[in-house]
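Could you put the whole structure together from the sequences, leaning on the hints where they help?
Below, each chain spelled out in residue letters.
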Amino acid sequence: MTRPWDEIWPAPEVPSEFALNVLVASAKEPTRKPRRLIWLLAALIPCMLMATGLVSLHAHQSEALKRAAILEAQRKDTEERLRRLQSDFEMANRKEQELAASLANAKDEATRSKLQAELERQKKATAAVGRTIRGSGSGRPTPLRAKNKNCSPGDPFCD
Amino acid sequence: MTAAPVSPTSSIPPRHREIDIALVQSCRLGNPLAIQAFVQHHQQLVFAFLSRLLGSESVVEDLAQEVFVRALRALPRFDILGPARVSTWLLTIASRLALDEKRRAPRKPMSIGLEPRSMADNNGPEAQHHRRELGRALTNAVYTLAHEQREAFILVEIHGLSMEELADITSVPLGTAKARLSRARERLRELLGPLWEELR
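Residue numbers (this note's numbering), protein chains in the order written: chain A, 1 to 159; chain B, 1001 to 1200.
To be clear, the hints were calculated from the coordinates, so they are not data collected in a lab.
Just so you know, nobody snuck in bad clues.
Quick list of simulated restraints, FRET-style, between CB atoms:
| hint | chain 1 | residue 1 | chain 2 | residue 2 | range |
| --- | --- | --- | --- | --- | --- |
| 1 | A | LEU20 | B | SER1058 | 14 to 20 Å |
| 2 | B | ARG1189 | A | LYS28 | 44 to 50 Å |
| 3 | A | ALA25 | B | MET1163 | 29 to 35 Å |
| 4 | A | LEU20 | B | SER1171 | 29 to 35 Å |
| 5 | B | GLN1128 | A | ALA43 | 53 to 59 Å |
| 6 | A | ARG67 | B | ARG1104 | 50 to 56 Å |
| 7 | B | ASP1100 | A | LYS28 | 18 to 24 Å |
Residues from chain A that keep clear of chain B, each with C-beta distances beyond 12 Å, as calculated:
| hint | residue |
| --- | --- |
| 8 | VAL55 |
| 9 | LYS76 |
| 10 | THR78 |
| 11 | LEU99 |
| 12 | ASP108 |
| 13 | ALA110 |
| 14 | GLN116 |
| 15 | ALA128 |
It should be emphasised that the depicted structure is a prediction, and the values quoted were computed from it without experimental measurement.
Cβ coordinates follow ideal geometry from the N, Cα and C atoms, glycine included.
Encoded structure:
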């Protein structure tokens, strides 16, 4: 099977000076190198910007995590302190009630005046613990609570 | 019985390969005469391929020049002892540039209106006229094909490349290359009718 393509579909003549033109064009080639460098830089700069952005985002995120961990530790510490103060307050209150009961049952005047003085001191101590509890909040507004009907007078938790 | 694997270079006449190796080595050294000889040795192939693929536009010469400039730039990296032929490598560059050109300025290629260079005249004016008509019908039909199908047809049917070389040049799997050529043949058969059989 013959395929006389060149006769049926001829290709054009190559210009006689074509090879020389290629030689001249390829001799000019080194001047193209800076253009390649510019392209390289143009590709590198966005990559570097993106990398910097990612690094700073990562740093920001880890900083936020650290800050959250510190706040959490502070919150736990405050809760612990508050629990201790509550326990102190309850103990002081109980002691005050015991003293009041003892005062009511006192027979002689000397014991009565002694217990009275002790009760006054205890009331002051209880009030001091109560003030400490009210002042030891973390700065956040205290959530509103329903009034407790069984509150004892002076109880800082029953405002 | 299993056939021995055939390397892509096995069909190249040894003499051509020697010329290629010697020319490429001299070109790498920057020898201007060797560069000119290298270009002259391959220019007809590149011109023929580009002009058939894109039509007789002025862009063909510029593209052909760009093919050689790029080839000369990349020549130090070309493995002359590897499986690829210089001509196939040049056609690969030409194919990519033609595709870039098509994407850059999409337009319908113009029919080649060239006069045959040295048409065999021993068949008489009637035969010559018939061949010219045949050529015109063929080019008109080829230019209705999609770029990829046209390229497959030109490389395999006209330039005589193998399917593997077509797949290499166009950077597609072998199956895709075969499908493109098959579709191109089918479409040309439809368009050319009895003329197609005459061409075959």
